[in-house]
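Here the protein sequences come in this chain order: A and B.
351 is the number that the numbering used here gives to position 112 of the first sequence; each next residue is one higher, with no gaps.
382 is the number that the numbering used here gives to position 136 of the second sequence; each next residue is one higher, with no gaps.
What the hints contain is simulated information worked out from the structure, not anything from laboratory work.
Glycine is no exception: its CB is placed at the ideal position from the N, C-alpha and C atoms.
There's no promise every hint is true.
What the hints assert, rightly or not - Pairs of lysine-lysine residues, derived as DSS-like cross-links and limited to a Cα-Cα distance of at most 30 Å, are as follows: (1) A:K345 to B:K716; (2) A:K345 to B:K664; (3) B:K418 to B:K253; (4) A:K406 to B:K286; (5) B:K664 to A:K295; (6) A:K295 to B:K644; (7) A:K327 to B:K664; (8) B:K254 to A:K419; (9) B:K286 to B:K512; (10) A:K292 to A:K419; (11) A:K419 to B:K691; (12) B:K664 to A:K336; (13) B:K712 to A:K299; (14) B:K675 to A:K259; (15) A:K295 to B:K651; (16) A:K419 to B:K250; (17) B:K354 to B:K418; (18) B:K675 to A:K466; (19) B:K675 to A:K419; (20) B:K334 to B:K602; (21) B:K668 to B:K644.
Said to hold, decoys possible - Computed spacing ranges between beta-carbons, pair by pair: (22) B:G688 to A:D307: 33 to 39 Å; (23) A:E393 to B:A429: 49 to 55 Å; (24) A:T365 to B:Q713: 25 to 31 Å; (25) B:Q271 to A:I390: 35 to 41 Å.
Unchecked claim - Listed below are several chain A residues computed to face chain B (Cβ distance under 10 Å; list not exhaustive): (26) T254; (27) C281; (28) V291; (29) L381; (30) G411; (31) A422; (32) A432; (33) G456; (34) L458.
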Amino acid sequence: MRVSLFITCLCDTLTPDVGKDTVQLLERFGCEVDFPQGQTCCGQPAYNSGYVKESKQAMKQMIRAFEDSEYVVGPSGSCVHMLKEYPKVLHDEPEWKERAEALVHKTYELSQFLVDVLDVKDVGSTFQGKATYHPSCHMTRLLGVKDAPRILLENVKGLEIIDLPLKEDCCGFGGTFAVKNAAVSEQMVHEKAEHISETKAEYLIGGDMGCLMNMGGRLRRNDEDVKVLHIAQVLNSQ
Amino acid sequence: MSIKIGKKTYAERIQAGIDNAFMRQAVSSAQGRFRSGRLKAAEDLGDWEEWRTRGEEIRSHTMENLDYYLHQLSEQVEKRGGTVYFAKTAEEANQYVQKIAREKEAKKVVKSKSMVTEEIGLNEALEESGCEVVESDLGEWILQLDEDPPSHIVTPALHKNKEQIRETFAEKKGYTGSDQPEALAAFAREQLRQDFLSADIGVTGCNFAVAESGAVTLVTNEGNARMVTSLPDTHISVMGMERIVPTWEELEVVVSLLTRAAVGQKLTSYITALTGTRLESEVDGPEDFHLVIVDNGRSKILGTEFQSALHCIRCAACINACPVYRHVGGHSYGSIYPGPIGAVLTPLLDGYEDHKDLPYASTLCAACTEACPVKIPLHEHLIRHREIIVERENMGSKAEGVMMKGYAKWASTSAAYKLSTKMAHTALKPWTEDDYISNGPGPLKGWTDSRDFPAPARQSFRSWYKQREKRRNDG
Ligand code: SF4
Numbered sequence: 240m241r242v243s244l245f246i247t248c249l250c251d252t253l254t255p256d257v258g259k260d261t262v263q264l265l266e267r268f269g270c271e272v273d274f275p276q277g278q279t280c281c282g283q284p285a286y287n288s289g290y291v292k293e294s295k296q297a298m299k300q301m302i303r304a305f306e307d308s309e310y311v312v313g314p315s316g317s318c319v320h321m322l323k324e325y326p327k328v329l330h331d332e333p334e335w336k337e338r339a340e341a342l343v344h345k346t347y348e349l350s351q352f353l354v355d356v357l358d359v360k361d362v363g364s365t366f367q368g369k370a371t372y373h374p375s376c377h378m379t380r381l382l383g384v385k386d387a388p389r390i391l392l393e394n395v396k397g398l399e400i401i402d403l404p405l406k407e408d409c410c411g412f413g414g415t416f417a418v419k420n421a422a423v424s425e426q427m428v429h430e431k432a433e434h435i436s437e438t439k440a441e442y443l444i445g446g447d448m449g450c451l452m453n454m455g456g457r458l459r460r461n462d463e464d465v466k467v468l469h470i471a472q473v474l475n476s477q
Numbered sequence: 247m248s249i250k251i252g253k254k255t256y257a258e259r260i261q262a263g264i265d266n267a268f269m270r271q272a273v274s275s276a277q278g279r280f281r282s283g284r285l286k287a288a289e290d291l292g293d294w295e296e297w298r299t300r301g302e303e304i305r306s307h308t309m310e311n312l313d314y315y316l317h318q319l320s321e322q323v324e325k326r327g328g329t330v331y332f333a334k335t336a337e338e339a340n341q342y343v344q345k346i347a348r349e350k351e352a353k354k355v356v357k358s359k360s361m362v363t364e365e366i367g368l369n370e371a372l373e374e375s376g377c378e379v380v381e382s383d384l385g386e387w388i389l390q391l392d393e394d395p396p397s398h399i400v401t402p403a404l405h406k407n408k409e410q411i412r413e414t415f416a417e418k419k420g421y422t423g424s425d426q427p428e429a430l431a432a433f434a435r436e437q438l439r440q441d442f443l444s445a446d447i448g449v450t451g452c453n454f455a456v457a458e459s460g461a462v463t464l465v466t467n468e469g470n471a472r473m474v475t476s477l478p479d480t481h482i483s484v485m486g487m488e489r490i491v492p493t494w495e496e497l498e499v500v501v502s503l504l505t506r507a508a509v510g511q512k513l514t515s516y517i518t519a520l521t522g523t524r525l526e527s528e529v530d531g532p533e534d535f536h537l538v539i540v541d542n543g544r545s546k547i548l549g550t551e552f553q554s555a556l557h558c559i560r561c562a563a564c565i566n567a568c569p570v571y572r573h574v575g576g577h578s579y580g581s582i583y584p585g586p587i588g589a590v591l592t593p594l595l596d597g598y599e600d601h602k603d604l605p606y607a608s609t610l611c612a613a614c615t616e617a618c619p620v621k622i623p624l625h626e627h628l629i630r631h632r633e634i635i636v637e638r639e640n641m642g643s644k645a646e647g648v649m650m651k652g653y654a655k656w657a658s659t660s661a662a663y664k665l666s667t668k669m670a671h672t673a674l675k676p677w678t679e680d681d682y683i684s685n686g687p688g689p690l691k692g693w694t695d696s697r698d699f700p701a702p703a704r705q706s707f708r709s710w711y712k713q714r715e716k717r718r719n720d721g
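Excised from the complex, chain A in its bound form:
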């Protein structure tokens, strides 16, 4: 099975390790992974800020980049969901809309791909420690991926998952919101960081780098000793 990695611009630049783990994980399950070098950013920063015209340019670049792919898999619920919105955004350009639809049909978030397409529930990884999991808003509410990460994490040997209080609440990231409404975002991420500390977990696991970066940044600022990990890093740990 041929899988094109959709790395997301955040992982590409800030946390390449997440990408490496994603590649290795997929290869472990027999996928032939490639990386289309034409890919950039999904367009979400512009789209969610109201700059739809600008976002379309990014979208078209992404459509072109993945045109030859069999499957497209990304380690982010939020960015994958953005890809899924392309046909709606490009509705008045029939040719692009059609190409966008083709992309939508072959695109998956990482945990969703493992569970729903590869039919894997236990990736056979071992990870010692106590962790809590933050289910990101776009992954759960918009993409509808609720169970896959939980199923995969439950089967990791040595890993104890502690329930995060008010876990369904947004961490306050919201892309440009974190800068535009910095004061409100700070209150939200502070509350989230407090809930994370309450669990006494050593690790915070999530499936979206944006949210993880936000929560991790606040935990670090609060001098909390919680390590932040993307789910791909845990699943690829032996």
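For this one, chain A is given, so just place chain B with the ligand on it according to the hints.
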């Protein structure tokens, strides 16, 4: 009052909200109660998603055929002795009510809770024409005594705790009792009884009007609406033109959704359906009944991509689920309609000029959309508002516009993108310490004021991947 409240800027309001620890405590605990109530009520019902779908269908069918149902409603109301008045604007609605008050030589008007009368500023209009106006809903009464606007559409005094309420009662009404909710409520009841008996006109809102029978229904927990509608000789009900259902059958569905989504109740204590004036065989009810149907910008929304905003049944589930609302409170929105639905509705009814910040007061986490019992895609409406603000209204900041143009270039040219991933680490090096940035430049500052930012990696993923490919091919 009108839709817009206060004169402070968005940033000032937000900061005032964040700094108000009392309010935040009150809001956060209320949100917790409402949320768990809603989830439990939904679970008890079993097939909540099917109910939501049914609710959405009913609302959407009604809006598609609004002219038909409004016509039917007014025919039915008139058949039962009532008078119907269509008000295009807030002014027209107020003038009509003022006219009735003049005709009746009314001195006192008693009211039950109604958001639409807040929206049009009816109280002020009536006071201007010499009437005393008394709010009889406990929350509204507290706010009236305090001259404070509502901060929530179901529990308008949500931002106040019982100690503050006790103080208001003591200061304004000479109350000497405790801050126990029961004692406070008993005091209010005793004070209001006189007003019920001496009022000339009772004014209510309308949760839903039933088109087939001309009935106006009111959903309350305090029972005050029954006094308002049965003691004074004249009853005026003011409704937003979208608050209508075709028949009793649909009413049952939307009321079930409303009470469950709002407070997690199967039903509220009182659901009152009022049909026309007092008949000869009846012992109570008004001699004169007027239904004022208010447009005030609603018909402009019909037929647009925002039409589903008119499906709203004012349950506040979206407000109770919103984490932004929790931290800033209702007054921060600068509108009598706060929270996610407020951020969608306010610019539609009152324009973008004064409210262009509201659509951005959301992380787009979609907790609102998920909570909405009639499936209004609230977060999508917010994105669409942002697009209009930027592209049609031209109200985006210049700096942001320039940045986004740059973004488009960057994200649509893989060479430019590639170069930036290569350069990012070096470019941010001056601000980097231990692989983190704690005091970032430019737009990063908003971020690093409250949290650290991970420094870009020395080697981007794509360049690692390229090397790996090369090694593989060479090896
Ligand atoms: S938008 Fe939906 S959730 Fe919000 S008040 Fe209206 S009906 Fe309730």
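Ascending list of hint numbers which this structure does not respect: No hint contradicted; all consistent.
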